[in-house]
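One line per chain: the protein sequences are A and B, in this order. To get our numbering, take the position in the first sequence, counting from 1, and add 475. To get our numbering, take the position in the second sequence, counting from 1, and add 475.
Please keep in mind that the hints were generated in silico from the structure rather than gathered at the bench. Hints may be right or wrong, so weigh each one.
The list treats identical chains as interchangeable, and a pair is accepted whether it falls inside one copy or across any two copies.
To be verified - No more than 20 angstroms apart at the CA atoms, straight line, and that leaves these computed lysine to any residue pairs for SDA-like:
#  : residue 1 : residue 2
1  : K677      : G902
2  : K770      : T481
3  : K595      : R497
4  : K841      : P514
5  : K532      : P760
6  : K532      : R522
7  : K595      : V492
8  : K532      : P514
9  : K532      : E521
10 : K938      : R886
11 : K532      : V791
12 : K507      : F713
13 : K479      : L668
14 : K852      : A518
15 : K479      : D792
Protein chains: 2
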Amino acid sequence: MAEKITPRDVDYSQWYVDIVLRAQLADYSPVKGCMVIRPRGYAVWERMRTVLDAMFKETGHQNAYFPLLIPESFIRREAEHVEGFSPELAVVTHAGGEDLEEPLVIRPTSETIIWSMYKKWIQSYRDLPILINQWANVLRWEKRTRLFLRTTEFLWQEGHTAHETAEEARDETLTILEIYRKFAEEYLAMPVLSGKKSEQEKFAGAVDTYAIEAMMQDKRALQAGTSHFLGQNFAKAFDVTYQNRDGRLDLVWASSWGVSTRLIGAIIMTHSDDRGLVLPPKIAPTAAVIVPIFKNDTRSKVLDYAEKVRRSLSEVDAVMDTDEQNSPGWRFAEWEMRGVPVRVEIGPRDVEAEQVVLVRRDTGEKLTVPAGAAPGKVAELLEEIQRALFDRARDFRDENTVRLDDYAAFREFFADAGGFGVSPWCGGEECENTIKDDTKATIRVLENDAPRGEAGSCVVCGKPGTYRAVFARAY
Amino acid sequence: MAEKITPRDVDYSQWYVDIVLRAQLADYSPVKGCMVIRPRGYAVWERMRTVLDAMFKETGHQNAYFPLLIPESFIRREAEHVEGFSPELAVVTHAGGEDLEEPLVIRPTSETIIWSMYKKWIQSYRDLPILINQWANVLRWEKRTRLFLRTTEFLWQEGHTAHETAEEARDETLTILEIYRKFAEEYLAMPVLSGKKSEQEKFAGAVDTYAIEAMMQDKRALQAGTSHFLGQNFAKAFDVTYQNRDGRLDLVWASSWGVSTRLIGAIIMTHSDDRGLVLPPKIAPTAAVIVPIFKNDTRSKVLDYAEKVRRSLSEVDAVMDTDEQNSPGWRFAEWEMRGVPVRVEIGPRDVEAEQVVLVRRDTGEKLTVPAGAAPGKVAELLEEIQRALFDRARDFRDENTVRLDDYAAFREFFADAGGFGVSPWCGGEECENTIKDDTKATIRVLENDAPRGEAGSCVVCGKPGTYRAVFARAY
Numbered sequence: 476m477a478e479k480i481t482p483r484d485v486d487y488s489q490w491y492v493d494i495v496l497r498a499q500l501a502d503y504s505p506v507k508g509c510m511v512i513r514p515r516g517y518a519v520w521e522r523m524r525t526v527l528d529a530m531f532k533e534t535g536h537q538n539a540y541f542p543l544l545i546p547e548s549f550i551r552r553e554a555e556h557v558e559g560f561s562p563e564l565a566v567v568t569h570a571g572g573e574d575l576e577e578p579l580v581i582r583p584t585s586e587t588i589i590w591s592m593y594k595k596w597i598q599s600y601r602d603l604p605i606l607i608n609q610w611a612n613v614l615r616w617e618k619r620t621r622l623f624l625r626t627t628e629f630l631w632q633e634g635h636t637a638h639e640t641a642e643e644a645r646d647e648t649l650t651i652l653e654i655y656r657k658f659a660e661e662y663l664a665m666p667v668l669s670g671k672k673s674e675q676e677k678f679a680g681a682v683d684t685y686a687i688e689a690m691m692q693d694k695r696a697l698q699a700g701t702s703h704f705l706g707q708n709f710a711k712a713f714d715v716t717y718q719n720r721d722g723r724l725d726l727v728w729a730s731s732w733g734v735s736t737r738l739i740g741a742i743i744m745t746h747s748d749d750r751g752l753v754l755p756p757k758i759a760p761t762a763a764v765i766v767p768i769f770k771n772d773t774r775s776k777v778l779d780y781a782e783k784v785r786r787s788l789s790e791v792d793a794v795m796d797t798d799e800q801n802s803p804g805w806r807f808a809e810w811e812m813r814g815v816p817v818r819v820e821i822g823p824r825d826v827e828a829e830q831v832v833l834v835r836r837d838t839g840e841k842l843t844v845p846a847g848a849a850p851g852k853v854a855e856l857l858e859e860i861q862r863a864l865f866d867r868a869r870d871f872r873d874e875n876t877v878r879l880d881d882y883a884a885f886r887e888f889f890a891d892a893g894g895f896g897v898s899p900w901c902g903g904e905e906c907e908n909t910i911k912d913d914t915k916a917t918i919r920v921l922e923n924d925a926p927r928g929e930a931g932s933c934v935v936c937g938k939p940g941t942y943r944a945v946f947a948r949a950y
Numbered sequence: 476m477a478e479k480i481t482p483r484d485v486d487y488s489q490w491y492v493d494i495v496l497r498a499q500l501a502d503y504s505p506v507k508g509c510m511v512i513r514p515r516g517y518a519v520w521e522r523m524r525t526v527l528d529a530m531f532k533e534t535g536h537q538n539a540y541f542p543l544l545i546p547e548s549f550i551r552r553e554a555e556h557v558e559g560f561s562p563e564l565a566v567v568t569h570a571g572g573e574d575l576e577e578p579l580v581i582r583p584t585s586e587t588i589i590w591s592m593y594k595k596w597i598q599s600y601r602d603l604p605i606l607i608n609q610w611a612n613v614l615r616w617e618k619r620t621r622l623f624l625r626t627t628e629f630l631w632q633e634g635h636t637a638h639e640t641a642e643e644a645r646d647e648t649l650t651i652l653e654i655y656r657k658f659a660e661e662y663l664a665m666p667v668l669s670g671k672k673s674e675q676e677k678f679a680g681a682v683d684t685y686a687i688e689a690m691m692q693d694k695r696a697l698q699a700g701t702s703h704f705l706g707q708n709f710a711k712a713f714d715v716t717y718q719n720r721d722g723r724l725d726l727v728w729a730s731s732w733g734v735s736t737r738l739i740g741a742i743i744m745t746h747s748d749d750r751g752l753v754l755p756p757k758i759a760p761t762a763a764v765i766v767p768i769f770k771n772d773t774r775s776k777v778l779d780y781a782e783k784v785r786r787s788l789s790e791v792d793a794v795m796d797t798d799e800q801n802s803p804g805w806r807f808a809e810w811e812m813r814g815v816p817v818r819v820e821i822g823p824r825d826v827e828a829e830q831v832v833l834v835r836r837d838t839g840e841k842l843t844v845p846a847g848a849a850p851g852k853v854a855e856l857l858e859e860i861q862r863a864l865f866d867r868a869r870d871f872r873d874e875n876t877v878r879l880d881d882y883a884a885f886r887e888f889f890a891d892a893g894g895f896g897v898s899p900w901c902g903g904e905e906c907e908n909t910i911k912d913d914t915k916a917t918i919r920v921l922e923n924d925a926p927r928g929e930a931g932s933c934v935v936c937g938k939p940g941t942y943r944a945v946f947a948r949a950y
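Next comes chain A alone, as it looks inside the complex:
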């Protein structure tokens, strides 16, 4: 620990991996593509889950739990769904000492198993809406994996709702998109664009997919959450009808939506620096660390005082550094590596002067305050850091977002450092593919949901653009 990590400008990918491993957020496991989420990483996930779960419950959602294993035939029932997920499935062929008659797949997502249950539970409009969320593990067999950002197994929440009308299901889709935006911006201090995906980028089985997209420090985009309007696709596949208010049978309308442990990767890549992890205070398991510094003759004096300060900070999640082996410099570096937002330094002179030294993790700024003022000042600093992290990330994104109406400039932008390129797009898959082939950039979100005339001329073909699209290279 407290070894140096690779600086971002030397090797951005290695910098990321160094932080995950050295801050002990996660570790590689013996199973290809699967990671172990270590206690410090899991504590961040617990914070996220607590906040999101409360937001879901406030909007009328309930949690439930559906089986991990899905009959293979279920996945095949929705044509686009099977096409999207088939290459990624892990299949159980053998169980309890026998070959299975029908193979079972480990859920890559739970639409199919859940809609097979909704068929049992939904008879009439009185049974609707169903607003169910599940916290679970899912598995997608990925060729190339990266800790948190893309792992074979990951933890997530998946909401699956059933409604009487298309309008209600669309409203639900957008309500959740807004919850995701709010959560990302207000808790993760991560500015996001939210909007619809192109046909090509949407979820396999959705009518429309909406997403929140953030910009990482290497200017690449990261999809941080998705909310899908599923139309009646899964109701058709599983024959889920209900008796409507006029007494006729209708197919049920649906949405599904999710965020995952990928968010931990997103906050690392948004906020951290060459000294290690930087965590937004609202999601940091430890808000402040008290580091007492002493020699033998000042030990008890400093420790007694530090303990008093710790008790005065009981309102925030403050911990005491009890390390007596290593130098102060080593210990400071260690707590910086772990991303604790505020460090409280206490030495013999601080005891004399009845003061403490507060150090911000984000800026390194130091300030000395009277011990009595510490609780108020720490709380204030935590709020300031939360705000400053968001502002810095938003400024960075805005500086690296460019309107590009000309294809030569577009290609140059992505040949260079890149970022978010906002361009008119005709809506054609051909132009989308041309861009992908030429620049590796994909459409992250559309600025406007529906085609409209005034978007300009398509940056590739010059035909009237019906959308303005945000292009970027993405994780």
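Got chain A; can you put chain B on it based on the hints?
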């Protein structure tokens, strides 16, 4: 809903299933042996998890997450472990469109994958203890399943700790056993015996297994939680050594422990009655329901008043019954089926008299109190119900626990209604098997951990009994 359920004395098993399905706690799924935990059942699990998680954290444990899939060879490394779990494994042989070189099993428990990681993380005594818990799904391919009590997939927590000394690991094992006992008795209102298992009944891979055992209303035992002292078995299997305080290499000592969604089955079978679910208030997602009763001309008067009462009950989790379709009797029966501890009835006459009628779910007892006294009285009733449920269950268990020193009486006891039979036992597997063959009763816990002389003469062979053992037929 509100259909009658099968009475216990007609068909106890069917009574149990009726409650699970009609109270919408869980449902059968299309995957053999796997259940769906519906929102009302999951809310109970969330309550349990919140309480237990806090108890674990207070005693220094942290949560983490390890992979679902385990290389098949790992399971084979500990001889007893593989023997115990092999018949129950589900095996992934195919993933990402290819056959796997080494099959992966879905975790039946995580000792092996976790100890493969501990090998990476443990070098010196400074890395110990490790006190990690995981909330996860596990899978054991069961031939005969029963909702909540025995399902192929279930949710649980599994603690896995690593220590410098045997004594520390044993202390941990017993600390957790005591947490389980306290949780069962104080929160689930379920009296338990806690103690060591016989060699035959212990966990595959443990040196010693301890358990908490409860008596269900059909007088059968249910193992509600286990805590294992693993010795150095997994440290040996995964070669996990540490440099001790004397600078020498030593094998690490271990414990593991868990409780599962089986606990939901346990509380149903402990407390419920022929009218449906009965939940201990401390674990009930809804503590009280307000049922307004009115005709057209009294509707707004009653509803306004009921809403005022609801607001006055904001300290407890109170909900309003908004059903205007069904009769009061039907609605009362419905809330009884769901197990809500207190019903608050409000009719036009109660509005006039500024009173409410409170009905206890456990006894059906009604009492009329002034509206202003309702919050205090409801809180008091919840405490009384919690205590009464525990007392009733403990009395029932004690009435059905018999000391049996004679084998003829022992056989008669189990040929008849059975219960807990407490008998001297020589410690021999042969006598244990004789009892199992003759009566289907197994040793649930030993009253004394270590052999001792004064336990009497073995109930089967008459040799000096070294243990007093609690025998019962079990779930």
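Results of checking the hints against the structure:
no.	hint	result
1	K677 / G902	within (14 angstroms within a copy, 65 angstroms between copies)
2	K770 / T481	neither (33 angstroms within a copy, 74 angstroms between copies)
3	K595 / R497	between (49 angstroms within a copy, 14 angstroms between copies)
4	K841 / P514	neither (29 angstroms within a copy, 49 angstroms between copies)
5	K532 / P760	between (22 angstroms within a copy, 13 angstroms between copies)
6	K532 / R522	both (16 angstroms within a copy, 15 angstroms between copies)
7	K595 / V492	between (46 angstroms within a copy, 17 angstroms between copies)
8	K532 / P514	between (26 angstroms within a copy, 12 angstroms between copies)
9	K532 / E521	both (16 angstroms within a copy, 13 angstroms between copies)
10	K938 / R886	within (18 angstroms within a copy, 90 angstroms between copies)
11	K532 / V791	between (25 angstroms within a copy, 17 angstroms between copies)
12	K507 / F713	between (34 angstroms within a copy, 19 angstroms between copies)
13	K479 / L668	neither (34 angstroms within a copy, 53 angstroms between copies)
14	K852 / A518	neither (25 angstroms within a copy, 39 angstroms between copies)
15	K479 / D792	neither (27 angstroms within a copy, 51 angstroms between copies)
Consistency with the previously given hints fails for numbers 2, 4, 13, 14 and 15, ordered from lowest to highest.
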